[in-house]
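S.K.: The task is simple: from the sequences and hints, build the whole structure.
Residue 192 in this note's numbering is what sits at position 191 of the sequence shown, and the numbering runs on without skipping anything.
Keep in mind the hints are simulated off the structure, nothing from the lab. Keep in mind that the hints are not guaranteed to be accurate.
Unchecked claim - With a straight-line Cα cutoff of 25 Å, these simulated BS3-like cross-link-like pairs (lysine-lysine) come out:
no. : residue 1 : residue 2
1   : Lys419    : Lys356
2   : Lys319    : Lys291
3   : Lys61     : Lys83
4   : Lys423    : Lys367
5   : Lys61     : Lys92
6   : Lys395    : Lys37
7   : Lys374    : Lys386
8   : Lys291    : Lys370
What the hints assert, rightly or not - Simulated restraints, written as ranges between beta carbons of each label pair:
no. : residue 1 : residue 2 : range
9   : Lys319    : Tyr242    : 32 to 38 Å
10  : Pro330    : Ala71     : 47 to 53 Å
11  : Gln396    : Thr40     : 28 to 34 Å
12  : Asn41     : Gln133    : 27 to 33 Å
13  : Ala206    : Asp111    : 31 to 37 Å
14  : Glu382    : Glu183    : 33 to 39 Å
15  : Asp331    : Asp111    : 57 to 63 Å
16  : Ser151    : Leu261    : 32 to 38 Å
17  : Ser151    : Gln230    : 52 to 58 Å
18  : Ser201    : Gly360    : 20 to 26 Å
19  : Lys61     : Leu261    : 48 to 54 Å
Even glycine gets a Cβ: it sits at the ideal position worked out from N, Cα and C.
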Amino acid sequence: MLWHRLVLACGWMVAVATLLAAQEGTQNPPPMQEFKWPTNIAGKGVQEWLKEVDDPDPGKREMALNTLPAFGPDAIKICSRKIVERMRNEKDPSVRMAAYRAAVMLGLDDRDWKDAITILANAVDQGVPGSQTRLAAVQALAAIGPRAESAVSVLTGVVCQDPSYAIRQAVANALGRVGGNETYGPNVRALNRLAGTLASDVAAAVRMEALQSLVLLGPPWTGRRNKPQDPPPIDWKQAAYVADRMRERLQSPKGKSGELDPQIEIWVRVVLMRFDPKEIGDTHLNAIAKHLSSPELGPRLQALQALSLFAEQAAGGKRLDAVVQLLPPDSLTDLNTINPVELNLVLGCLVAMGKEAQGVLPTLEKLEKTFEKLRDKRMQEEDFKQALKNLGPKQTREQLIASLPEEQLRLAVAQAIKYIRKPELRFSDVPMGKTP
2 MLWHRLVLAC
12 GWMVAVATLL
22 AAQEGTQNPP
32 PMQEFKWPTN
42 IAGKGVQEWL
52 KEVDDPDPGK
62 REMALNTLPA
72 FGPDAIKICS
82 RKIVERMRNE
92 KDPSVRMAAY
102 RAAVMLGLDD
112 RDWKDAITIL
122 ANAVDQGVPG
132 SQTRLAAVQA
142 LAAIGPRAES
152 AVSVLTGVVC
162 QDPSYAIRQA
172 VANALGRVGG
182 NETYGPNVRA
192 LNRLAGTLAS
202 DVAAAVRMEA
212 LQSLVLLGPP
222 WTGRRNKPQD
232 PPPIDWKQAA
242 YVADRMRERL
252 QSPKGKSGEL
262 DPQIEIWVRV
272 VLMRFDPKEI
282 GDTHLNAIAK
292 HLSSPELGPR
302 LQALQALSLF
312 AEQAAGGKRL
322 DAVVQLLPPD
332 SLTDLNTINP
342 VELNLVLGCL
352 VAMGKEAQGV
362 LPTLEKLEKT
372 FEKLRDKRMQ
382 EEDFKQALKN
392 LGPKQTREQL
402 IASLPEEQLR
412 LAVAQAIKYI
422 RKPELRFSDV
432 PMGKTP
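M.R.: Written as structure tokens, this is what we have:
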């Protein structure tokens with residue numbers, strides 16, 4: 002169920018982003034032309050650039066490696082082996098990092114991935130502590146994803162003690178990307194290192210990254226999942242290790258300190274509930290919801306995202322009221338006091354609550370009317386009228402209206418109303434109404 006919440010939250014973000022791109026306002030958008038990858042860059046074809054990968058001048062080698070991905074997928078078979086050779090043999094750190102980037106940006110032939118992953122894993126394990134090349138190797142493994150699961154043993158090794166917090170943060174991110182096996186579930190070694198070491202790192206950025214990776218991976222499985230649509234068999238005994246580490250982060254035993262950063266504390270509670278469903282309840286949901294009244298934006302945003310993941314359980318009374326309190330007032334006269342990111346998350350949280358949030362529909366309908374009035378007011382201003390007169394040959398009045406921030410916000414609220422009224426539409430492609 003929580004995975005579905007993650008999908009819904011991402012889907013809502015995409016939907017609102019689409020609105021903010023003003024796609025809904027176009028009645029007859031011009032047809033998209035098929036993209037064609039270039040066959041010539043700066044007067045040279047892919048073979049000529051590939052030759053420069055072996056040039057004695059490191060600057061030319063780096064430039065060539067940075068250019069190859071721009072030729073697109075058709076260049077993979079041509080370039081793959083040469084890129085891997087440069088990853089293995091390059092002495093110049095800057096050029097070697099360019100080779101790492103080329104491998105993940107362009108992609109490699111299937112036969113070359115194993116060698117590339119081994120090279121990157123060795124660069125992580127044997128790299129100079131705090132070095133940019135070690136960081137680049139970690140980031141490359143993260144970009145490769147589950148295909149690089151064999152690198153988990155290295156990513157959970159000495160690199161977790163690297164003096165650079167940026168590298169430790171990158172490791173926490175990488176474990177969340179490479180540690181998720183689609184057939185056998187999350188890698189237990191990755192989970193334990195994230196929960197036992199990185200989630201208690203001295204750097205807040207590392208702790209937050211580790212918690213996000215734990216949420217992404219979820220609890221370990223007891224065995225193979227035969228069909229993708231089947232719920233995975235959860236190994237709650239092994240999941241208890243992660244849950245216990247989260248409980249420790251919330252406590253303040255003598256001589257130690259619990260999690261003091263309010264934003265991270267929110268995600269410690271999310272991970273705890275993710276790995277021990279018995280913890281899902283008022284204790285943690287109320288503790289998260291209290292941050293909705295924070296004077297600081299950061300904790301409010303994190304709390305909204307967290308509550309969206311447990312939306313049905315979080316929809317009770319005071320928690321729902323606390324979310325609604327973050328909506329702009331009916332008396333709104335301009336957009337200066339609105340944070341669009343926060344409004345987006347408030348609407349997303351209400352959408353995730355589904356039918357439980359239907360009592361909020363009258364409030365949202367008033368808010369939509371408020372944005373409509375602000376939009377109409379903007380359309381009476383001279384700047385808009387002048388822009389209307391200056392429309393280009395491929396521009397329409399509807400597109401101009403859709404570009405107004407007041408209209409974008411109105412559409413976002415209207416979409417939230419539609420999804421709350423009919424929650425079954427949340428995963429469907431529902432066109433919005435036309436702008437006036």
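S.K.: Run every hint past the structure and note whether it holds.
M.R.: Each hint, compared with the structure:
Between Lys419 and Lys356 the CA atoms are separated by roughly 11 Å; this keeps the pair inside 25 Å, and the hint holds. Simply put, Lys319 and Lys291 have alpha-carbon atoms about 10 Å apart, close enough for the 25 Å limit, and the pair holds. Restraint check: the Cα-Cα separation between Lys61 and Lys83 comes to about 15 Å, which is no more than 25 Å; the hinted pair holds. Between the alpha carbons of Lys423 and Lys367 the distance comes to roughly 19 Å, so the proposed pair stays at or under 25 Å and holds.
Taking the CA atoms of Lys61 and Lys92, the gap is near 14 Å; set against the 25 Å cutoff, the hint holds. Only pairs whose Cα atoms come within 25 Å are accepted, and Lys395 paired with Lys37 is accepted, the gap being roughly 23 Å. At most 25 Å may separate the alpha-carbon atoms for a hinted pair to count; Lys374 and Lys386 meet this at roughly 17 Å. For the suggested pair Lys291 and Lys370, the alpha carbons sit about 30 Å apart, so the restraint of at most 25 Å is broken.
A hinted range of 32 to 38 Å holds for the C-beta pair Lys319 and Tyr242, which are about 33 Å apart. In this structure the hint that Pro330 and Ala71 lie 47 to 53 Å apart at CB holds, the actual value being about 49 Å. Here the CB-CB span from Gln396 to Thr40 is close to 33 Å, well matched to the stated 28 to 34 Å. About 32 Å separates the C-beta atoms of Asn41 and Gln133, a value consistent with the hinted range of 27 to 33 Å.
Roughly 35 Å separates the CB atoms of Ala206 and Asp111, a value that falls within the hinted 31 to 37 Å. Between Glu382 and Glu183 the beta carbons are some 53 Å apart, a value that contradicts the proposed interval 33 to 39 Å. Separated by about 58 Å at the C-beta atoms, Asp331 and Asp111 satisfy the suggested range of 57 to 63 Å. Taken as a hint, the range 32 to 38 Å holds for the pair Ser151 and Leu261, whose Cβ atoms sit roughly 37 Å apart.
A C-beta distance of roughly 27 Å is found between Ser151 and Gln230, which places it outside the suggested range of 52 to 58 Å. Against the hinted window of 20 to 26 Å, the Cβ-Cβ separation of Ser201 and Gly360 comes to about 41 Å, which falls outside the hint. Between Lys61 and Leu261 the beta carbons are some 50 Å apart, a value that agrees with the proposed interval 48 to 54 Å.
This entry does not satisfy hints 8, 14, 17 and 18, going by the numbered hints stated previously.
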